[in-house]
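Chemist: Here is what each chain is made of, one letter per residue.
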Amino acid sequence: MEKFTVLEAIAAPLMRINIDTDVIIPSREMKRVSKEGLSDGMFANWRYKEPGGREENPEFVLNQEPYRRAQILLSGDNFGCGSSREHAVWALAEWGIRAIVTPGFGNIFYGNCVRNGILPVVLDNEIVEHLARQVEADPAGN
Amino acid sequence: MPYTVIEKIWDEHQIADLGDGTCLIYIDRVFLHERTGSVALKGLEATGRAVRNPEQAFCTMDHIVDTFPGRTDETRMPGGTAFIQTTREAALKAGINLFDLGDPRQGIAHVISPEQGIALPGVTLVCPDSHTGTLGGLGALAWGIGSTEAEHALATKTLVVKKPRTMRVTFEGALPQGVTAKDMILKLIGEHTASGGIGYAIEFAGQAVRDLEVEARLTLCNMTIEFGAWSGLVAPDDKTIEYVKGRPFAPSEGQWDAAVKYWRTLATDEGATFDKEITIDCADIVPQISWGTSPMHETGIDQRVPDPASEPNEARRAAMEKALEYMDLEPGARLEGIPIDAAFIGSCTNSRISDLRAAAAILNGRKVASGVKAICVPGSGLVKAAAEAEGIDKIFTDAGFEWRESGCSMCFYAGGESFGLEERVVSSTNRNFENRQGPRTRTHLASPTTVAASAIKGHLTDVRNLD
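So the sequences go chain by chain: A and S.
Taking this note's numbering, I'd label the letters of the first sequence as residues 622 to 763.
Taking this note's numbering, I'd label the letters of the second sequence as residues 3 to 469.
The shape of chain S in the complex, shown without the other chains (with noise of 0.2 Å):
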């Protein structure tokens, strides 16, 4: 019989079918954050419950911590301290695996968990974030959970999951010129709306998802879950095994081989059926922007501010006309030109040093708008450490960019740092949502070479017409 590959994943991983359409799952890794792998470190430990395999458990500090030069356990944001040192002294006596400030490797637990071969294709990963889909880039079957989950998958190894649906989401033909992996996303979210993956798991598939680059593949599954979804991947291809290759947590040399010929089997079937397809043809996407406080809420760059008039939906044309009331447009306005206060580079879905360096290519020679600020933070270490041996960070510092410390920063308030009131941003993140990313900020959610093509014009623009 034909499978999916989330299927083959999935039977890999179902240590009983628990009849009610949830099974019991076996979780190969587990990863916290200081916010919610705080309180489920602190909760096993109330309980006197250990981890099951401490060494198969990981831990980093980023979305409290600040992003700042220089920076200690103390944050901006009152009381932050408490689940910094909170989670350190839980997970060193828990004896996981801990990404620490002052650690070089320490950054964004969707950034460092492929850059050190900890998501792995084929294995099961849950972290309570919900952005843990984004693992999903390397053939990994792996979803967000909550803390309560957190502690049962830390102490058991296991979790009992409702078996999802299957979706496959294919993207035909090339990605035309200044199109990029946030746009693909932002494209399908668009057309298909927020809620549009509620219940399942995704594969994504087609030429243009087989041309990304393996960074390029993390930021399409990344939004997975603006999208509703409960997870999506790509399956593992030889781009996929040479990125894995050498990390420090991937197979050693003497399971390689046995690894990759397991990764190979990683497929889906030909005849296999899903639940659901979509497809989406390439030659129709421009790079995207949000207009609005959903990530549903986007369209072209090249296009206008949308009239709720035109929505025949009640219920989504009164989050509409909320949300243009928020972001104080006017229906009918060109998107493109619209004044921006600030930009952002940043965050588990751009921060990558593929994501660095086509913004710095944008950057190079030029300068940033007067009255904007600038914020560039790597989501990691190790991307900071390469980008600094590129010379990227001088492109971004001589451009006007501030070059931080890696965490998850200004994607959400992080370390109690925010944008103004009301100020306008343009943003590599993943959440447009009122007051996300400071009081009462308007957030265009965009690629990373729109975020710095705007930073350049002082107003959101069209990456394609930069002269």
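The following block holds chain A by itself, in its conformation from the complex (with noise of 0.2 Å):
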């Protein structure tokens, strides 16, 4: 696990509420038993045209730049409920993804953030979207 010190950034701005870890790692891409090579299907059915495909969707935010370098990602509430699945937070950390920041946490995931080297940051809802706001008006200087 890399240790984490301090880190200076892309942020991607994922401002929608609820995002579950089958968002985040659909069943089908749970592939072998093993923790590697999950980050291909991260948000895979958000980031690829077609269910199972590998064409990516250009609107999906983390297929545009400067997000495709992001290490930080900004989320709505209640980010990683869901399945308990590891694999998502394995998957986000094998693809660059460092500290996620959100007004709150699915329980399951939060603990396996902090096991895997991802730093999750809770502030208010207020302050995430204003990071967001930022974000948005200066993706590459964020």
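These are calculated hints, taken from the structure and not from any lab test.
Beta carbons are placed, not taken as given, at the ideal position from N, Cα and C, and that holds for glycine.
Don't take each hint at face value.
Quick list of in silico lysine-lysine cross-link-like pairs, DSSO-like style, CA-CA up to 30 Å [what the hints assert, rightly or not]:
1. S:95 with A:624
2. S:10 with S:241
3. S:44 with S:95
4. S:159 with A:656
5. A:624 with S:10
Chain A regions said to be covered by chain S (calculated; three or more residues, Cβ under 8 Å) [what the hints assert, rightly or not]:
6. 699-706
7. 723-734
Fit the two chains together into the complex; they arrive one by one in their own frames, and the hints show the way.
Modeler: Listed below in structure tokens is the structure:
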């Protein structure tokens, strides 16, 4: 696990509430008994055009520059709710996410973040929304 | 000092207060399944650690196995066989209790755990599965964890846990006719949102909860995770003790009286306080149905699809708009009467014998509407056998339902099987998330009786109006 000290990185706004772990890593993308090789399936149903396909959906924020290089996710409340699958965190970490900022986390997801070197940050909704607006106004400068 | 039942169980298991809001908690029993447990067992093996008390660890095959009659280790899911075989090898090597394919006891973790007496009043039980809170229906303190935490629990019989706040949800009055435990929990989540329970352990109380049979209490507690809660339970009572008695992993005769004496202390003391209280009048509950892509997107079957314009909270309004687009529904449309493509009865929420009996009472002498694919997956081999002994399988198959082997099945693409593109499904499961049951599949959560009634009519149906 990479030590977490100071992180300066691009933040991507994904400001929907209740983003569940089925969205983060769909069941059918968990193909092997392994913590590795999961990032390709991360957000598969949003990131790719067709179910099961690999053609990128240009409208999805992590397919856009500079967010392709994002290491911080800004999200709406209750991020990581739903299934306990640690694969969601393994996929995010492998893709490059180091910190997630949201008004609230699913309990199990929060614990999984801590155990895999992703910093889960809880801030008031107004602050997260403010940060998201700042990022959207100047994506590369954030 | 008066204590809540949650505090009593917590204190009994607290090894140390770590001083930062977390405690080291003793874990009585660990349950695993082949999807997340496989990684945990492999992780233990890789670091050369052993399971500390193999006799207190349990493993089933439910998440990846397919549910077709005559099944083998082969799955429709590419790579699924490896999950099954890796788990089997690791479980046998570790010497833990395994409910393997072919074992008549095999089934969904949270169905067989009560059935076998693995979950008991007052125990702490963890499983790398989010619906572990189900077992609170027996008065256990049970919660879902990740695979890494599962490794820790297996190796040490302990976990570091953040001390939850406490909440009491009181269901006052008696349940109206046609209303079930599933409708109670959906109503709670609909009114108080999918994040309303974050950080809480919940005690369900009130007359309607006391009136529920144990299996219905399991359904009630099953969806505490959809409320965002850490765990939820119903204090044990005579019904619980009666239910537990004689089950294979329950206290044996010599220990029984002492166990019952302890379980009798597991009630919230008069005057104990909770960090939060919610009261729901059961007279206000009708059969519930979800219309969106979060369990909080739900309402009464006699209602209309809500209008996002009337939602003052911007984030929730945006989520509603996305949900209606995904579900292909218009604000103001009547929910009853929306045509369905499929109906599913199963999952750790609603696949127990009482669920199947209730659905069979609706299906008896009726036929599933033409063009509707209907599937029933009993929660365990023992549920299936009991249903077959009562002739319930015949009622389902005569009505036009498929009758399957036990497992998680279509709740989430288990075994690689799913409903079709954009199909609309009424389902006794717990999650209506996007793509959960298949590619762009549109899920409506409901009780097994509402699912059965809707399957007959071919559209979302108020079970109270069935002729």
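Chemist: State for each hint whether it applies.
Modeler: Taking the hints in turn, this is what the structure says about them:
Between residue 95 of chain S and residue 624 of chain A, the direct Cα distance comes to roughly 34 Å. Violation of the 30 Å bound is thereby established for this hinted pair. With a C-alpha separation of about 20 Å, the suggested pairing of residue 10 of chain S with residue 241 of chain S holds against the 30 Å cut-off. About 11 Å separates the Cα atoms of residue 44 of chain S and residue 95 of chain S, which keeps this hinted pair within 30 Å; it holds. For the hint linking residue 159 of chain S to residue 656 of chain A, the alpha-carbon distance of about 23 Å falls within 30 Å, and the restraint holds.
The suggested pairing of residue 624 of chain A with residue 10 of chain S is violated, with an alpha-carbon distance near 38 Å, which exceeds 30 Å. Look at the region 699-706 of chain A against chain S: 6 of its residues bring a Cβ nearer than 8 Å to a Cβ of that chain, three or more, so the hint holds. For the region 723-734 of chain A, the assignment as covered by chain S holds, since 7 residues bring a beta-carbon within under 8 Å of that chain's beta-carbons and 3 suffice.
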